[in-house]
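First residue of the sequence shown: 2, per my numbering; consecutive thereafter.
Hint data in this document are derived by calculation from the structure and do not stem from the laboratory. Since we're looking at a predicted model, the values are computed, not measured.
Using 25 Å as the maximum straight-line C-alpha spacing, the simulated PhoX-like pairs for lysine-lysine come out as follows: (1) Lys-379 - Lys-348; (2) Lys-182 - Lys-151; (3) Lys-210 - Lys-304; (4) Lys-387 - Lys-64; (5) Lys-348 - Lys-212; (6) Lys-379 - Lys-64; (7) Lys-80 - Lys-64; (8) Lys-292 - Lys-210; (9) Lys-304 - Lys-292; (10) Lys-387 - Lys-80; (11) Lys-212 - Lys-304; (12) Lys-182 - Lys-80; (13) Lys-210 - Lys-348; (14) Lys-80 - Lys-379; (15) Lys-292 - Lys-212; (16) Lys-387 - Lys-277; (17) Lys-277 - Lys-292; (18) Lys-348 - Lys-64.
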Amino acid sequence: MDVCAASIEVSPFNGYKLLFKAIGMIPVSHYVLGSLCILIVFLYNFLEFHFLEDFLYGGSPVKLTYHSGSELYQAVVSKCRLLHGRYSSTPWLASPHLQTVLLEYIGSPPAFTYTREIFHSSEGGTFALDWLRSSDLTGSSEDTNTANLKNDSTPIVVVVPGLTSDSSAAYVKSVSYNTAKCGKNVVVCNHRGMGGVPFTSSYCYNAGKTKDVRDVVNYLVNKYPMAPVFLVGTSIGANIVGKYLGEEGANCPVAGAAVICAPWDLLIGARFLRRKLVQRVYDSVLCIGLKGYARLHESHFTKHANWEGIMQSRIIRQFDTHATCAVDNIETADTYYRWSSCASNVKDISIPLLCISSLDDPVCTAEAIPWDECRANKNVVLATTKHGGHLGYFEGVTASSLWWVRAVNEFLVVLQSSPLMQNPKAQQEQYPPQKTQVNQGSNVSVTNRMMAMNLVQEPSKARTTQHGKMQELVLVSEQLQFPGQN
Numbered sequence: 002m003d004v005c006a007a008s009i010e011v012s013p014f015n016g017y018k019l020l021f022k023a024i025g026m027i028p029v030s031h032y033v034l035g036s037l038c039i040l041i042v043f044l045y046n047f048l049e050f051h052f053l054e055d056f057l058y059g060g061s062p063v064k065l066t067y068h069s070g071s072e073l074y075q076a077v078v079s080k081c082r083l084l085h086g087r088y089s090s091t092p093w094l095a096s097p098h099l100q101t102v103l104l105e106y107i108g109s110p111p112a113f114t115y116t117r118e119i120f121h122s123s124e125g126g127t128f129a130l131d132w133l134r135s136s137d138l139t140g141s142s143e144d145t146n147t148a149n150l151k152n153d154s155t156p157i158v159v160v161v162p163g164l165t166s167d168s169s170a171a172y173v174k175s176v177s178y179n180t181a182k183c184g185k186n187v188v189v190c191n192h193r194g195m196g197g198v199p200f201t202s203s204y205c206y207n208a209g210k211t212k213d214v215r216d217v218v219n220y221l222v223n224k225y226p227m228a229p230v231f232l233v234g235t236s237i238g239a240n241i242v243g244k245y246l247g248e249e250g251a252n253c254p255v256a257g258a259a260v261i262c263a264p265w266d267l268l269i270g271a272r273f274l275r276r277k278l279v280q281r282v283y284d285s286v287l288c289i290g291l292k293g294y295a296r297l298h299e300s301h302f303t304k305h306a307n308w309e310g311i312m313q314s315r316i317i318r319q320f321d322t323h324a325t326c327a328v329d330n331i332e333t334a335d336t337y338y339r340w341s342s343c344a345s346n347v348k349d350i351s352i353p354l355l356c357i358s359s360l361d362d363p364v365c366t367a368e369a370i371p372w373d374e375c376r377a378n379k380n381v382v383l384a385t386t387k388h389g390g391h392l393g394y395f396e397g398v399t400a401s402s403l404w405w406v407r408a409v410n411e412f413l414v415v416l417q418s419s420p421l422m423q424n425p426k427a428q429q430e431q432y433p434p435q436k437t438q439v440n441q442g443s444n445v446s447v448t449n450r451m452m453a454m455n456l457v458q459e460p461s462k463a464r465t466t467q468h469g470k471m472q473e474l475v476l477v478s479e480q481l482q483f484p485g486q487n
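With these hints in hand, go ahead and build the complete structure from the sequences.
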């Protein structure tokens, strides 16, 4: 008896039917868990999280770039513990994007009150200098008579904020408060149109204009001839500081400086912001901030720029074309970016400078960092970290402090006691101070005795001579209280 084997032919349809039946037997909770895992992996990579790396390696080491014969490194940076350590970010903020986006919203900024001084420049423009003196935190009274100002040797740190930021920004208040706690007087040099001060001339600030910083430094050197002056610039403010230091060269009256998260080359930066989706989001958000700044001064920009073009701008380049270039009569945005970038000025810097940049900065790309120029200049030390975001550098479980703020203050403290410290007397000889007079009744500081007779008619105006040029100064001090401060 023959046994015949019958073959069963399975069609593709029956195969898919069996597959779907098997899929249907998997619990829904497994699908939810799998989707969640995929989402976590996607977000971990998209947001560039690195908390696993920080956990395994204890953060990333700070890389220092400097000239082999740098006295700045030998005398100062070699003694800075933080610059020879590792940076480990707050675990739940271990992403350059979270560090950057949440910069203004994480933690409670220090509560204090600035003392405001209105500075009037020679062309009629005005901007605010917001002071936080060391004595303000200790509660001690300070005598502001002329003799004491001349003999006051308390170091002064001038802080230059970033794009559309002023003295009320959380990170600016953090560096101001912590620097004042270290025994220094801090003055925030607000950009024109920021801090509630209106435009009083056609002159507008941009990334490459160093006039205001130069005028403020010269004024401080004149008024406080025995006090060393330091500069700290952040983001666009760092670019302005770096450009100013290079322009001044060997004649720079500043004792030392630090620049944090500088863009270095704005042309490279502008192209970087259009490269990926996440960078395009930053570009659009920054443009919205610039348009908000323009709306605060609509009459100014309507008169001196292309207001319709400003309101239609969607990216920074468009805003710069219709606003920055129009105000200053610059041909193109690329021309403006090339002119304003500070990278080409690094070679001419002659005072101690610490540069801090994050390699994962989502706004100011590491591609623009002038590595070779920093390595060639004995007066410059570049500190780079693998992580940190843009001005973020949150540390601790509660994100209670910014690493770069502590690093800058440590650098300034060591620099102040080092042999590289400029001699205040040399500054006094190079920039001889004008005789000053203080009107205690109206709380108005008056420079140059020749203007004393005009106080009756114009009590808030004064004239001082700086480098042989006459400059208008309005030195009206007032208490400035921000919401949420004690």
